[in-house]
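The lines below spell out each chain.
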Amino acid sequence: MAERAPLSPRVRLGLHLLGLLALALLPPLLTLIDEPFYVTLATRVLILALAAVSLDLILGYGGMVSFGHAAFVGVGGYVTGILAHHAFMGDPLMLFGLAVPGMNEALIVWPLAMAVSAVAALLIGVLSLRTGGIHFIMITLAFAQMLYYLLVSLQAYGGDDGLTLWGRNTVAGTDLLADRETFYYVCLGLLAVVVLAFRRLVDSRFGLVLQGARQNERRMRALGVPVTRYRLAAFTLAGAVAGLAGVLSVNQAEFVSPTLLHWTHSGELLVVVILGGMGTLVGPVLGAFVLMGLEEVLAGVTEHWRVILGPVLVLVVLYARAGLHGWVIGPRRHADADGEGAS
Amino acid sequence: MRAPGPLLEVEGLSKAFGGVTASDALSFTVMPGEVHALIGPNGAGKTTAVAQIAGELKPDDGRIRLDGREISHLPVHRRALLGLGRSFQITSVLPDFSVLDNVALAVQAHAGHSFRLIRNARRDARLRDPARAMLTRVGLAAVAGRAAGALSHGEKRKLELAMALAGHPRLLLLDEPMAGMGGEDSARMVEVLQGLKGTVAMLLVEHDMDVVFALADRITVLDGGRVLATGDPEAVRADPAVIAAYLGEEGVACQPC
Amino acid sequence: MLLFVEQVLNGLQLGVMLFLMASGLTLVFGIMGLINLAHGSLYMIGAYVAATVTLHTDSFLLGLAAALPAAALTGAIIERVVMARLYAREHLDQVLATFGLILFFNDLMVILWGRQPLFMNVPDALAGTVEVLPGAPYPVFRLVIIAVGLLVALGLWYLITRTRLGMRIRAGASDRETAGALGIDIALLYTGVFALGAMLAGLAGAMAGPILAVEAGMGESILILTFVVVVIGGIGSVRGALIGALLVGVVDTLGRAFLPDLLALVLDRATADGAGTSLSTMSVYILMAAVLVWRPKGLFPGHG
Ligand SMILES: Nc1ncnc2c1ncn2[C@@H]1O[C@H](COP(=O)(O)OP(=O)(O)OP(=O)(O)O)[C@@H](O)[C@H]1O
Ligand SMILES: [Mg+2]
Numbered sequence: 001m002a003e004r005a006p007l008s009p010r011v012r013l014g015l016h017l018l019g020l021l022a023l024a025l026l027p028p029l030l031t032l033i034d035e036p037f038y039v040t041l042a043t044r045v046l047i048l049a050l051a052a053v054s055l056d057l058i059l060g061y062g063g064m065v066s067f068g069h070a071a072f073v074g075v076g077g078y079v080t081g082i083l084a085h086h087a088f089m090g091d092p093l094m095l096f097g098l099a100v101p102g103m104n105e106a107l108i109v110w111p112l113a114m115a116v117s118a119v120a121a122l123l124i125g126v127l128s129l130r131t132g133g134i135h136f137i138m139i140t141l142a143f144a145q146m147l148y149y150l151l152v153s154l155q156a157y158g159g160d161d162g163l164t165l166w167g168r169n170t171v172a173g174t175d176l177l178a179d180r181e182t183f184y185y186v187c188l189g190l191l192a193v194v195v196l197a198f199r200r201l202v203d204s205r206f207g208l209v210l211q212g213a214r215q216n217e218r219r220m221r222a223l224g225v226p227v228t229r230y231r232l233a234a235f236t237l238a239g240a241v242a243g244l245a246g247v248l249s250v251n252q253a254e255f256v257s258p259t260l261l262h263w264t265h266s267g268e269l270l271v272v273v274i275l276g277g278m279g280t281l282v283g284p285v286l287g288a289f290v291l292m293g294l295e296e297v298l299a300g301v302t303e304h305w306r307v308i309l310g311p312v313l314v315l316v317v318l319y320a321r322a323g324l325h326g327w328v329i330g331p332r333r334h335a336d337a338d339g340e341g342a343s
Numbered sequence: 001m002r003a004p005g006p007l008l009e010v011e012g013l014s015k016a017f018g019g020v021t022a023s024d025a026l027s028f029t030v031m032p033g034e035v036h037a038l039i040g041p042n043g044a045g046k047t048t049a050v051a052q053i054a055g056e057l058k059p060d061d062g063r064i065r066l067d068g069r070e071i072s073h074l075p076v077h078r079r080a081l082l083g084l085g086r087s088f089q090i091t092s093v094l095p096d097f098s099v100l101d102n103v104a105l106a107v108q109a110h111a112g113h114s115f116r117l118i119r120n121a122r123r124d125a126r127l128r129d130p131a132r133a134m135l136t137r138v139g140l141a142a143v144a145g146r147a148a149g150a151l152s153h154g155e156k157r158k159l160e161l162a163m164a165l166a167g168h169p170r171l172l173l174l175d176e177p178m179a180g181m182g183g184e185d186s187a188r189m190v191e192v193l194q195g196l197k198g199t200v201a202m203l204l205v206e207h208d209m210d211v212v213f214a215l216a217d218r219i220t221v222l223d224g225g226r227v228l229a230t231g232d233p234e235a236v237r238a239d240p241a242v243i244a245a246y247l248g249e250e251g252v253a254c255q256p257c
Numbered sequence: 001m002l003l004f005v006e007q008v009l010n011g012l013q014l015g016v017m018l019f020l021m022a023s024g025l026t027l028v029f030g031i032m033g034l035i036n037l038a039h040g041s042l043y044m045i046g047a048y049v050a051a052t053v054t055l056h057t058d059s060f061l062l063g064l065a066a067a068l069p070a071a072a073l074t075g076a077i078i079e080r081v082v083m084a085r086l087y088a089r090e091h092l093d094q095v096l097a098t099f100g101l102i103l104f105f106n107d108l109m110v111i112l113w114g115r116q117p118l119f120m121n122v123p124d125a126l127a128g129t130v131e132v133l134p135g136a137p138y139p140v141f142r143l144v145i146i147a148v149g150l151l152v153a154l155g156l157w158y159l160i161t162r163t164r165l166g167m168r169i170r171a172g173a174s175d176r177e178t179a180g181a182l183g184i185d186i187a188l189l190y191t192g193v194f195a196l197g198a199m200l201a202g203l204a205g206a207m208a209g210p211i212l213a214v215e216a217g218m219g220e221s222i223l224i225l226t227f228v229v230v231v232i233g234g235i236g237s238v239r240g241a242l243i244g245a246l247l248v249g250v251v252d253t254l255g256r257a258f259l260p261d262l263l264a265l266v267l268d269r270a271t272a273d274g275a276g277t278s279l280s281t282m283s284v285y286i287l288m289a290a291v292l293v294w295r296p297k298g299l300f301p302g303h304g
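Chains as they are written, first to last, in the UniProt record's numbering: chain A, 1 to 343; chain B, 1 to 257; chain C, 1 to 304.
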């Protein structure tokens, strides 16, 4: 796959809007061809994309190769699951002597879950960002695994088997999310908001510092920038958004188990970002569709589809590193022309 | 106001790498506004000294003061914000960003924290205007929109200088700013530095003696991590120890360049 | 007290297994700058081959004799076909490609051997127990594992510090160009080092066979523990790998054995059991965090 010249910003924006429109039209279309089951699958893709976009912020823009991102997805998911569990059982959650009532209300639970994920990311980030390179990869993986084992050991919440929920979260007391299509649109809306917000973020002062640190950390420090705290902030923010993806995932499946933060899911998120094109924010959305599609197709061919997916992955890394986004839309934005002009 | 003391005081700086003593109880000062050349043969410990002043290397012993304030224990970025600007011996720019982005980031670094998440920094006149002015000053205005990684070597060196200057430093640490530049570029760079003379103090590491004698107010000669001599150019040129250890051979060897 | 001795020995046994894994991983990190997630797959391959040959021939020695070359050969092939193209790439690319290899090998094992785990017996000659202390019998096989691990450590130390090959390895680690100038065939050296690491992983897998279930994916939990070891020990350091491995092995084992009881001294039994179990699963990671705070580059940064 040779990289092509980048498309003009206007064409690129047009393509992105077209993509959004296509996603918006997907449910009625699927209903029309009588395949409503695929709405569920597409919802799962959107949720995966949301987690991958959050990883792209720290990976593609911040240069932080986190191999533990699924941990934050899992934390968000478990906050949702545990609160719902207590709401159902009617007993409060005892935390350090504090009684937290069970809850099912999205307007409270979702921000709360994001906050808890952010705190987890902050703590892991503080430790992991003391080093870089290979260390960072292994340390994020290890801490994610620690959370995995921790949740496995929590017998009160099903241990290995996880928790089954009795329905999705309520929104302002209504069961809005129970409807398959509504839930799809909620996921799509949140994904669009996050992509747009991140788009702004990466061009802000904060975003430029983050990208500068990826390109040349030493230079940034010599300029007077304490890069670690910006990286940590980005890592925490990405953790919060990953937590939101976890919330959605648990609502979608009405089930949560430690598998959600299994290390292979962290690997999968990396694959999605690379497949789609890292440092593009939109690429990971493409990547999510392609990976899930590929899995769906391969799984139809053979039960042992990973024996094919694995080598495909190796080939992609060796020969198609620009990712789908680079292939379709052109290479990642470098200097962005002269940095002026419309975008 | 207190009497104008030295801007930079290096006192007893020592650093060893395994068996190699790269800095051996170095002491010297840089006065405000002065161009102070740090010279010495390859491996004399010039880069090591600069790296310790900038804060990248932790000295084994010794003190560094900037304007009377001890900075020995501050991290790199704090020292930069206190007024140390830096260009590296091996060029160091942000390759994916445009030339203008590079300098604008330098301006931004000195304009307070960067926890500003929404406004597009590439359209922020408070960053772009000074950056553009700086590019004009070093002669890079024409390539402002190019990716820094695509610049020629000479252009990158100029960009480094522009980034260092953008923070309005009080002391520029220049590690061989002309290394690897062609004759013309190099002459242009000397001109630029000459133009800066008096407005900002410089600690200039340089091998080319013509450049050193053209720019320096004072010279410190290093050899084997030790200060061999320090003083004004005439005195250093006449110093028998320097002639014997350094200028003697190097002067001859360097004649063609 | 007797229980304590037994648990310490268990910890050492886990420790030397981790060392066999970590030494290969850290050599490859240190010398080629490569992060190889598929190291656990080589462990798994060693286990499968050893188990299969042992089940067919009734000889654990034959199983071992087959497992080592099988793992080494697989390693050499992986190195030549995939890794050699990744040395100049970012760590991210290495992570992704080797992640792909894990997916491949896990499913390949399922195809070849099915989903049922294989169980192999401890070889008859090593099946008994000996009294390590009066009244404290301990399985001979586990003692043998400890001995083998320590012998390998000694051998590696000798190889790296005392032989020409070791000198070449160190030259290759410090500087590709110098090594090339010394007339060392870098490509061959790299393949050799990778195969050596693979063989050690295969050895660990083969010896784990009689203790654990041999199944697809068995390499992954030990791989992640190995990462913890390498982070604690310092990347590239074989000595660090040894110290880190023993530390992690002992802390993990003792944590699981005694933390619930220890906590029961200050908490009520049920809470202590729950919290103790949770805490003990986290103990080595907490150890890693502590080392990171204290020495971000590990206990023995750099080579050695
Ligand atoms: N990171 C390091 N590890 C080990 N030795 C080092 C390191 N950095 C420098 N040295 C050694 O310290 C001594 C001084 O090196 P330094 O780079 O400061 O010299 P220099 O005067 O800048 O030389 P040049 O003119 O070639 O740039 C040299 O002997 C060098 O080999
Ligand atoms: Mg130097």
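For the record, the hints were derived by calculation from the structure and aren't laboratory data. Do not take every clue at face value.
As the list claims (entries may be wrong) - Distance ranges between label pairs, derived from CB positions: (1) Ala299(A) - Arg269(C): 42 to 50 Å; (2) Gly12(B) - Leu159(C): 42 to 50 Å; (3) Thr161(C) - Lys197(B): 18 to 26 Å; (4) Ala299(A) - Asp58(C): 35 to 43 Å; (5) Ala320(A) - Thr163(C): 21 to 29 Å; (6) Ala125(B) - Leu18(A): 29 to 37 Å; (7) Ala320(A) - Gln89(B): 49 to 57 Å; (8) Ala299(A) - Glu131(C): 52 to 60 Å; (9) Gly135(C) - Ala299(A): 39 to 47 Å; (10) Arg199(A) - Ala264(C): 25 to 33 Å; (11) Val5(C) - Ala320(A): 51 to 59 Å; (12) Gly12(B) - Ala84(C): 32 to 40 Å; (13) Glu105(A) - Gly149(B): 24 to 32 Å; (14) Leu13(A) - Ala187(B): 25 to 33 Å.
C-beta atoms are modelled at their ideal positions from N, C-alpha and C, and glycine is treated no differently.
Exercise for the section: Would you list, in rising numerical order, the hints stated earlier that this structure does not obey? Expected result: Of the numbered hints given earlier, those the structure breaks are 3, 5, 7, 9, 10, 12, 13 and 14, listed in rising order.
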